[in-house]
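J.: Residue numbers (the numbering used here), protein chains in the order written: chain S, 1 to 268; chain E, 1 to 268.
Honestly, I wouldn't trust all of these hints.
To be verified - Covered by chain S, according to a simulated footprint, are these stretches of chain E (three or more residues, beta-carbon under 8 Å):
1. 53-60
2. 83-93
3. 117-131
4. 213-227
5. 251-260
Unchecked claim - Non-contacting residues of chain E with respect to chain S, defined by C-beta distances greater than 12 Å in every case (computed):
6. E4
7. Q7
8. V22
9. S65
10. E68
11. P69
12. G70
13. D97
14. T105
15. T135
16. M136
17. P146
18. F242
Don't read these hints as lab results, they were simulated from the structure. Note that CB positions come from ideal geometry on N, CA and C, so glycine has one too.
Protein chains: 2
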Amino acid sequence: MTAEWDQHVAVTARGDGAYDAVLTDGWVVGGGVNGGYLLAIIGNAVSHELPDKPDPIAVSAYYLSATEPGPATVQVRVLREGGSVATVAADLSQGGDPRITALATYGRLDGLPDDVRTTAEQLVLPPRKQCVPNTMAPESLRRVAPLMDRFEMLFDPACVGWTTGEPSGSGVLQAWFRLKGERDPDPVQLLMVCDALPPVTFDLGLPGWAPTLELTVHVRGVPAPGWLAVRHATRNIAGGMFEEDCEVWDSAGRLVAQSRQLARLPRP
Amino acid sequence: MTAEWDQHVAVTARGDGAYDAVLTDGWVVGGGVNGGYLLAIIGNAVSHELPDKPDPIAVSAYYLSATEPGPATVQVRVLREGGSVATVAADLSQGGDPRITALATYGRLDGLPDDVRTTAEQLVLPPRKQCVPNTMAPESLRRVAPLMDRFEMLFDPACVGWTTGEPSGSGVLQAWFRLKGERDPDPVQLLMVCDALPPVTFDLGLPGWAPTLELTVHVRGVPAPGWLAVRHATRNIAGGMFEEDCEVWDSAGRLVAQSRQLARLPRP
Chain S
1 MTAEWDQHVA VTARGDGAYD AVLTDGWVVG GGVNGGYLLA IIGNAVSHEL
51 PDKPDPIAVS AYYLSATEPG PATVQVRVLR EGGSVATVAA DLSQGGDPRI
101 TALATYGRLD GLPDDVRTTA EQLVLPPRKQ CVPNTMAPES LRRVAPLMDR
151 FEMLFDPACV GWTTGEPSGS GVLQAWFRLK GERDPDPVQL LMVCDALPPV
201 TFDLGLPGWA PTLELTVHVR GVPAPGWLAV RHATRNIAGG MFEEDCEVWD
251 SAGRLVAQSR QLARLPRP
Chain E
1 MTAEWDQHVA VTARGDGAYD AVLTDGWVVG GGVNGGYLLA IIGNAVSHEL
51 PDKPDPIAVS AYYLSATEPG PATVQVRVLR EGGSVATVAA DLSQGGDPRI
101 TALATYGRLD GLPDDVRTTA EQLVLPPRKQ CVPNTMAPES LRRVAPLMDR
151 FEMLFDPACV GWTTGEPSGS GVLQAWFRLK GERDPDPVQL LMVCDALPPV
201 TFDLGLPGWA PTLELTVHVR GVPAPGWLAV RHATRNIAGG MFEEDCEVWD
251 SAGRLVAQSR QLARLPRP
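Just chain S, same shape as in the assembly:
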């Protein structure tokens, strides 16, 4: 049986680097389709285009205009291939209109040297039983965010104050994450995980949609099976924008993805 996730990010090759996809309404949040899910579709198309180098290493996406559920096309252009990595440009469009433009470097994560010297402090979340599942969100929120049914997301109780009007103000959101049906993580899936949590601005008392201008993800290792621990943080709100840094740690305690995005503050 194909997991729901694999159906949702499936692409069909049309030749010459073009891929058809269908953006499911299952990943809608607020008025749009989740940007991480869209990036994973782009990432999946690139994987198909580079069968010898199927893993994202660095992906940068610029969001041009809002997507809607329905058919989409991903066009992949190989800019450089040679040695251990390849670099591509990839564009997601709908009805001929560009929605997302991206650059990416791909390779084989399992073929990289084995050295790991991580000085980042491992993200240790409270035991899952003590965490707050997203399924406890009010019906009004769940109705506009069907993506919440795609995964299990268990929030660190220290950063759920925003759900009761008492945001911590520290600019941090962190949670356990696992796709529905216990679908294990893989490198392409991590592109989505980096943008799956609510905007970190929720924790600053600024609820609402925070449109991403730019999102870059570095995938730093093949994630081990099981739960992921995810942390969003911001440190610089200025000029109506904020950066959101994301770390994803796998069940083996390895920092497998790091991302940063620049997003607009939600409108009051």
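Keeping the supplied structure of chain S fixed, place chain E upon it in accordance with the hints.
T.: What follows is chain E alone, placed relative to chain S:
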């Protein structure tokens, strides 16, 4: 009198988004031309192409192959313009061969909302008189790094152990920075500043060239005149690669640029 910097990043419009530039050998370091300088040339071409939105807000560059001093061309394609920002693709090539491909979102930094809520701890370096100028570098190093004559760079004494074979091992390099001739910083210049210090791996006992795969810079404000304080840090060495995060603080104590790059570890 035109400052040296402005001569070095000058571009000449050829029409249809194409710009000629000359990569000076004054920015050579080791075997190649400094990647931050190259990004500033691309950034300057984009500024010329978007006279109403001349400031970089987010720029992502993927380095495809090594550049050499001499003529280069930057081709800018506007992907979306409308509202307060524009997004472009820009490619730097030499002799018809692509060297760097980039995406960027530009706008007007002085037209952004005035709110600044930075929780990042301000980078406070020791007084400049107590810092270690790069001009004290051994002649053998200066000979292969003419870029060191382009600026004043005064290192925090806590992170210069690598110059005497005793790197601190903490994965941090920080320094005061100012272009030669006291040329004040501007938004495009910050694209260079984010890649001007030696690789942070010097502080980990891994000297040598660390080729950048990807570099994304967010320019978060117009820098005030005067010295900049710059910090490089890495927290995750894995798979033969490391991330390098850079913060640039201006003389008014504002965090004006944040960048992250993914680079290959120097070969032993």
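J.: Compare the structure with each hint and give your call.
T.: Now for the hints, and whether the structure bears them out:
{"no.": "1", "hint": "53-60", "verdict": "holds (count 3)"}
{"no.": "2", "hint": "83-93", "verdict": "holds (count 3)"}
{"no.": "3", "hint": "117-131", "verdict": "holds (count 4)"}
{"no.": "4", "hint": "213-227", "verdict": "holds (count 6)"}
{"no.": "5", "hint": "251-260", "verdict": "holds (count 4)"}
{"no.": "6", "hint": "E4", "verdict": "30 Å, holds"}
{"no.": "7", "hint": "Q7", "verdict": "30 Å, holds"}
{"no.": "8", "hint": "V22", "verdict": "24 Å, holds"}
{"no.": "9", "hint": "S65", "verdict": "7 Å, violated"}
{"no.": "10", "hint": "E68", "verdict": "17 Å, holds"}
{"no.": "11", "hint": "P69", "verdict": "21 Å, holds"}
{"no.": "12", "hint": "G70", "verdict": "20 Å, holds"}
{"no.": "13", "hint": "D97", "verdict": "10 Å, violated"}
{"no.": "14", "hint": "T105", "verdict": "5 Å, violated"}
{"no.": "15", "hint": "T135", "verdict": "31 Å, holds"}
{"no.": "16", "hint": "M136", "verdict": "28 Å, holds"}
{"no.": "17", "hint": "P146", "verdict": "28 Å, holds"}
{"no.": "18", "hint": "F242", "verdict": "9 Å, violated"}
When held up to the earlier numbered hints, the structure conflicts with 9, 13, 14 and 18 and fits the remainder.
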